[in-house]
Amino acid sequence: MDKRDHTEFDLLTVNESSVEPPTDDDSSCNSPRNLASVGYRYKKWELGSDIVLVARCEHDGVLQTPSGEPQFMTIKALNEWDSKLANGVEWRQKLDTQRGAVLANELRNNACKLAKWTVQAVLAGSDQLKLGYVSRINPRDHSRHVILGTQQFKPHEFATQINLSMDNAWGILRCIIDLVMKQKDGKYLIMKDPNKPIIRLYDIPDNTFDSDDSDDGEGDDEGFQQVYNYAHNKI
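In this note's numbering, the protein residues as written are 103 to 337.
Any given hint could turn out to be false.
[Stated by the list, open to error] Lysine-lysine pairs mimicking DSS-like chemistry, simulated, CA-CA at most 30 Å apart:
| hint | residue 1 | residue 2 |
| --- | --- | --- |
| 1 | Lys294 | Lys105 |
| 2 | Lys186 | Lys196 |
| 3 | Lys146 | Lys196 |
| 4 | Lys196 | Lys284 |
| 5 | Lys232 | Lys215 |
| 6 | Lys294 | Lys218 |
[Said to hold, decoys possible] Label-pair distances were calculated between CB atoms; the ranges are:
| hint | residue 1 | residue 2 | range |
| --- | --- | --- | --- |
| 7 | Glu171 | Phe311 | 38 to 46 Å |
| 8 | Asn240 | Lys294 | 34 to 42 Å |
| 9 | Asn309 | Glu110 | 17 to 25 Å |
| 10 | Asp269 | Asn297 | 23 to 31 Å |
| 11 | Leu149 | Phe311 | 24 to 32 Å |
| 12 | Pro299 | Glu110 | 14 to 22 Å |
| 13 | Arg106 | Asp184 | 30 to 38 Å |
| 14 | Ser267 | Ser119 | 12 to 20 Å |
| 15 | Glu171 | Thr109 | 32 to 40 Å |
Keep in mind the hints are simulated off the structure, nothing from the lab. Everything numeric in this text was worked out from a predicted model, so none of it was measured. Note that the Cβ used here is the ideal one computed from N, Cα and C, for glycine as well.
Kindly produce the complete structure, drawing on both the sequences and the hints.
So, in structure tokens, the structure goes:
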């Protein structure tokens, strides 16, 4: 199981789950494809029924403790978006005195991203999840930034704080694996509905996505056959 190459999963996001997310403009310097390395750790889990999962996890840094023991870290940055446009919190005014309010606002506007980072830290076995609050020195200058502050959490404790259940996450993964294992050999597409807690599995032609020369994806949907609809309250 893998994601498609050169998709939005590889890009940095901002206010992804906000009611009014930023508009996509490929010509803008703020376009996700125009923005911005890690150490890999391979881990294995036995999921039962002779299913073994091997995943390549990531660490962003390592800290040497006074006792000499290394502490692995997952380090991520939250980017400040225009608070007036996003109806958010002004970081420079609130970060020192109301850091909890700033984090709560980010959890609302970037729920998927923060949940993903937390799961990545848990799976990798990171000892610390460190979040940096990054803002432009001048809102009109996209080339110069400043770190206004940082916060550090233990991944499992932060998961509990944001109401993220790893048991639920593993259950969803196992359900998807069981579903895929029942299908005949071929090429499939897993698609998450952006606005509903629904995952759809499509049976697609083997040559789908093989050519980058197609005219704006015309005909991409031809031959797509939905084979399963999975709905869950806590995806």
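- Query: Measuring from beta carbon to beta carbon, are Ser267 and Ser119 in 12 to 20 Å?
  - Reply: Between Ser267 and Ser119, where Cβ atoms are some 18 Å apart, the hint holds.
Range first: 38 to 46 Å. Now tell me if the beta carbons of Glu171 and Phe311 are that far apart.
Cβ of Glu171 to Cβ of Phe311: about 45 Å, so the range 38 to 46 Å holds.
Okay, Glu171 versus Thr109 on CB: inside 32 to 40 Å? 38 Å, holds
Holds or violated: Lys232 to Lys215, with C-alpha atoms at most 30 Å apart:
Given that 30 Å is the threshold and the Cα spacing comes to 14 Å, the pair holds.
Mind checking the alpha carbons of Lys146 and Lys196 for me, to see if they're no more than 30 Å apart? 42 Å, violated
**Q.** Supplied distance hint 14 to 22 Å, evaluated on CB atoms of Pro299 and Glu110
**A.** The hint (14 to 22 Å, Cβ to Cβ) holds, given that Pro299 and Glu110 are roughly 19 Å apart.
Given a hinted range of 34 to 42 Å, is it respected by the beta-carbon distance of Asn240 and Lys294? About 37 Å separates the Cβ atoms of Asn240 and Lys294, which means 34 to 42 Å holds.
Worksheet entry | Hint consistency between Lys294 and Lys218 [alpha-carbon to alpha-carbon, up to 30 Å] | 14 Å, holds
Checking one constraint from the list: CA of Lys196 to CA of Lys284, max 30 Å. Satisfied? Violated. Lys196 to Lys284 sits at ~52 Å, over the 30 Å cutoff.
Take the C-alpha atoms of Lys186 and Lys196, compute the straight-line distance between them, and say whether it is at most 30 Å.
14 Å, holds
Asp184 and Arg106 - C-beta distance against the hinted 30 to 38 Å = 31 Å, holds
| said: Please check whether Asp269 and Asn297 have a Cβ separation lying inside 23 to 31 Å. | reply: Since the Cβ atoms of Asp269 and Asn297 sit about 25 Å apart, the hinted range of 23 to 31 Å holds.
Taken one by one, the earlier hints fail for this structure at numbers 3, 4, listed in ascending order.
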